[in-house]
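Chains A and B supply the protein sequences, listed in that same order.
At the far end of the first sequence sits residue 334, using numbering that gives the first Met the number 0, and the numbering has no gaps.
At the far end of the second sequence sits residue 433, using numbering that gives the first Met the number 0, and the numbering has no gaps.
Possibly wrong hints are sitting among the right ones.
List of simulated lysine to any residue pairs, SDA-like, C-alpha gap at most 20 Å [claimed, not checked]:
#1 B:Lys429 - A:Arg270
#2 B:Lys433 - A:Leu67
#3 B:Lys433 - A:Trp89
#4 B:Lys329 - B:Arg67
#5 B:Lys88 - A:Leu67
#6 B:Lys141 - A:Val104
#7 B:Lys269 - A:Glu153
#8 B:Lys239 - B:Thr408
#9 B:Lys429 - B:Leu230
#10 B:Lys175 - B:Ser371
#11 B:Lys345 - B:Lys384
#12 B:Lys297 - B:Leu176
#13 B:Lys433 - A:Arg270
#14 B:Lys428 - A:Glu153
#15 A:Lys233 - A:Ala130
#16 B:Lys217 - B:Ser227
Keep in mind the hints are simulated off the structure, nothing from the lab.
As the structure is a computational prediction, the values presented were derived from the model and not from experiment.
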Amino acid sequence: MALQLDARGPTGPAPGRSRLSRAGRLSRIDAKYSPYLYIAPFFVVFAIFGAWPLAYTFWVSLHDWDLLGSDPTFIGVDNYTRLLADGDFWHAVVNTLGIFVISTVPQLLLALWLANLLNRQLRMRTGWRMAVLVPNVTSTAAVAIVFGVLFGREFGMVNWLLDLVGIDGIEWKSNRFASWVAISAMVDWRWTGYNALIFLAAMQAIPRDLYEAAAIDGANRARQFWSVTVPLLKPTIIFCVIISTIGGLQLFTEPRLFHSGTNPIRGGPLRESQTMTMYMFENAFAPYYNFGYGSAVAWLLFALIAIVAAINVLIIRRVGSGTRPPRDARKGGFR
Amino acid sequence: MGTFSRHRLAAVALATIGALLATSGCAGEDAADDGQITLTVDVFGQLGYDQLYQEYMDANPGVKIVERGTGSNLDEYSPRLTQWLAAGKGAGDIVAIEEGLMVEYKANPDNFVNLLDHGAGELKGNFLEWKWNQGLTADGQKLIGLGTDVGGMAMCYRTDLFAKAGLPTERDEVSKLWPTWEDYIAVGERFKAANTGASFLDAATNTFNTIVLQTAGKAQGYHYYDTSDNLVVDSNPAVKQAWDTTMKIIGAGLSGKYGSWSEEWVSAFKQAKFATIACPAWMTGVIEGNAGTEASGKWDIARVPGDGGNWGGSHLAVPAQGKQKEEAIKLVKFLTSPQGQIGAFKAKGPLPSSPQALNDPAIAEATNAYFSGAPIGTIFAEGAKTLKPVYMGPKNQAVRTEVENAVRTVELGQRTPEQGWQDAVTNAKKAAAK
Numbered sequence: 000m001a002l003q004l005d006a007r008g009p010t011g012p013a014p015g016r017s018r019l020s021r022a023g024r025l026s027r028i029d030a031k032y033s034p035y036l037y038i039a040p041f042f043v044v045f046a047i048f049g050a051w052p053l054a055y056t057f058w059v060s061l062h063d064w065d066l067l068g069s070d071p072t073f074i075g076v077d078n079y080t081r082l083l084a085d086g087d088f089w090h091a092v093v094n095t096l097g098i099f100v101i102s103t104v105p106q107l108l109l110a111l112w113l114a115n116l117l118n119r120q121l122r123m124r125t126g127w128r129m130a131v132l133v134p135n136v137t138s139t140a141a142v143a144i145v146f147g148v149l150f151g152r153e154f155g156m157v158n159w160l161l162d163l164v165g166i167d168g169i170e171w172k173s174n175r176f177a178s179w180v181a182i183s184a185m186v187d188w189r190w191t192g193y194n195a196l197i198f199l200a201a202m203q204a205i206p207r208d209l210y211e212a213a214a215i216d217g218a219n220r221a222r223q224f225w226s227v228t229v230p231l232l233k234p235t236i237i238f239c240v241i242i243s244t245i246g247g248l249q250l251f252t253e254p255r256l257f258h259s260g261t262n263p264i265r266g267g268p269l270r271e272s273q274t275m276t277m278y279m280f281e282n283a284f285a286p287y288y289n290f291g292y293g294s295a296v297a298w299l300l301f302a303l304i305a306i307v308a309a310i311n312v313l314i315i316r317r318v319g320s321g322t323r324p325p326r327d328a329r330k331g332g333f334r
Numbered sequence: 000m001g002t003f004s005r006h007r008l009a010a011v012a013l014a015t016i017g018a019l020l021a022t023s024g025c026a027g028e029d030a031a032d033d034g035q036i037t038l039t040v041d042v043f044g045q046l047g048y049d050q051l052y053q054e055y056m057d058a059n060p061g062v063k064i065v066e067r068g069t070g071s072n073l074d075e076y077s078p079r080l081t082q083w084l085a086a087g088k089g090a091g092d093i094v095a096i097e098e099g100l101m102v103e104y105k106a107n108p109d110n111f112v113n114l115l116d117h118g119a120g121e122l123k124g125n126f127l128e129w130k131w132n133q134g135l136t137a138d139g140q141k142l143i144g145l146g147t148d149v150g151g152m153a154m155c156y157r158t159d160l161f162a163k164a165g166l167p168t169e170r171d172e173v174s175k176l177w178p179t180w181e182d183y184i185a186v187g188e189r190f191k192a193a194n195t196g197a198s199f200l201d202a203a204t205n206t207f208n209t210i211v212l213q214t215a216g217k218a219q220g221y222h223y224y225d226t227s228d229n230l231v232v233d234s235n236p237a238v239k240q241a242w243d244t245t246m247k248i249i250g251a252g253l254s255g256k257y258g259s260w261s262e263e264w265v266s267a268f269k270q271a272k273f274a275t276i277a278c279p280a281w282m283t284g285v286i287e288g289n290a291g292t293e294a295s296g297k298w299d300i301a302r303v304p305g306d307g308g309n310w311g312g313s314h315l316a317v318p319a320q321g322k323q324k325e326e327a328i329k330l331v332k333f334l335t336s337p338q339g340q341i342g343a344f345k346a347k348g349p350l351p352s353s354p355q356a357l358n359d360p361a362i363a364e365a366t367n368a369y370f371s372g373a374p375i376g377t378i379f380a381e382g383a384k385t386l387k388p389v390y391m392g393p394k395n396q397a398v399r400t401e402v403e404n405a406v407r408t409v410e411l412g413q414r415t416p417e418q419g420w421q422d423a424v425t426n427a428k429k430a431a432a433k
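Chain A extracted, bound-state conformation (with noise of 0.2 Å):
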């Protein structure tokens, strides 16, 4: 369309002609400017939702701010300091790492696991794979309601099982490190087959030669798995590991539904497994009201993320190298 236009432009009258380069400048407008226009929907809405209330949060976090109060006033880093003496929020900061690491680890390695049955034949492919997603599709509250009544302390399942085989009834909610079991558990039900379905996508799109050659080389099935799919895989495994840290460590709807009863923000009478999103709403909501002090909470966890993503991201590429197949010069060259 355009070039007809300018085609016709040169033999057209003096009107048309001004009608006419207006027409190829809006054209080129278009073309320089609208894309930007189409990415910009993104940016708008993460703007108003996401960094917007970042500064916002972090402008709370310099005030002594009552919720409900009217004028709050402005102390500095006062909040920050404050909190890095506080043992509650370090505690909770143990928490939140400790359900982080023995959730998220099985989990992937689990994932990992699950994806490379699902990429043999097997009989109904399609219904395994779905079926893994399954867990993923129901409410968090659904799964934490079920696993709370679950690992119940007398009326439990789990104990009662636990029972049958002759263990006492373990205290699932008031033990801490069997709270966090139990919350891992919940976790990893939850995210494993939708890990194990990213794995899957990025190992369907490993070129089958290369287990042909590594077969022929005399590698059996476990040593093609480790020299040829997970290397091949360490972008996507990268990826995983860093949703999975800022999913995990932002953990708050299992460890709060898990908990049921007066006060359940704090994750157990003596805060066996409260997270930082937890101490978070605690603070800025009930029963503390101090807005100020939660914010200063999510700018902490926000840190904290920050640097549990750049350390795994080292440790991964570390260990993906370890485990480089001999002959690096060739795979290299499929790359």
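Given the coordinates of chain A, assemble chain B onto it according to the supplied hints.
Coordinates of chain B only, in the frame set by chain A:
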């Protein structure tokens, strides 16, 4: 062609942004369809207003009433209410405020309509004096809420479990069993020895709350804070005395350790896993709701050990953010009127805070079929007229939480009574300073 569709795409993109901005900026107006207005009432627990709403709607055809939050507990309700108030949006036209949280909401009275500006002053005689004063700001210039119920105390018990343990089941005889908490423990030990498969009481925290409010009411009239708002958890003998009594109950192994308001607690009601529960008037509705109809007639109500006292009770307030404040104020006045309080009492058992209602034969002669026909009117109302209320300080809820948690750690065997007391004191101080 290419440019054309691109322009269209750009237009779509712009429209999307516009729509997003619109929805985030100014969501839903309360559209009044067919000239009706809808009043939303936010509550927790069981306030027993269903019948009253119907009456009010029948008398005012232009009004529709919706209740939110029925059956939820205070820990779910109060953060939500606080967020609505802080955000200036979302709260119902009428909100219930529990007495322990009233202090905090009163500190920022601008969040609510001053009911004194709307003729509430002449209703003063309709409320017990201390209940009226609870809704009043410190300077006495603003009235945040009108009183609904008070928490007169009793002890609810399961007659079937008492019979199984060879204890008397008739309520007067049961009352005679425990004039004091020492006697209550002695009865508990007898009950425990009978091995019924149930515990004597539900959770030590509930019993502790009852005892601490009782002892404090009897003594100086305050528990965690003195009347000048100094934190006195460690120096108030009433608190320590209540703590020690509770420790004896725990030490005797009488508690079922069902964390109050938890799912286990509710299951324990259903499965008849404990025999007694400290029972402020509003608790009767909770018991009925949790234990269900199949336990009807198996419960009864006896006197509470020690003297009477008050635990809980709420006010109704009108948030300043509401759009239909005039209509809401009218409804609040109706619900908190002596007749309204009597209606609520009949439905779900919250004890009126109005002397007229308490003297009304409808209350005095009231019985409750669920509780084996217990004369709930006389049991609860007698204490309510004379009881001394307990003063609540600025961070009452946070401090109470810490002390309750300390009780719970001892109950679960995580701490010795001495360690628990240390925790209670240090954590309460920390909470008050936050």
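Here is how each hint holds up against the structure:
no.	hint	in the structure
1	B:Lys429 - A:Arg270	holds (15 Å)
2	B:Lys433 - A:Leu67	holds (14 Å)
3	B:Lys433 - A:Trp89	holds (17 Å)
4	B:Lys329 - B:Arg67	holds (19 Å)
5	B:Lys88 - A:Leu67	holds (13 Å)
6	B:Lys141 - A:Val104	violated (57 Å)
7	B:Lys269 - A:Glu153	holds (13 Å)
8	B:Lys239 - B:Thr408	holds (17 Å)
9	B:Lys429 - B:Leu230	holds (11 Å)
10	B:Lys175 - B:Ser371	holds (18 Å)
11	B:Lys345 - B:Lys384	holds (18 Å)
12	B:Lys297 - B:Leu176	holds (19 Å)
13	B:Lys433 - A:Arg270	holds (17 Å)
14	B:Lys428 - A:Glu153	violated (34 Å)
15	A:Lys233 - A:Ala130	violated (25 Å)
16	B:Lys217 - B:Ser227	holds (19 Å)
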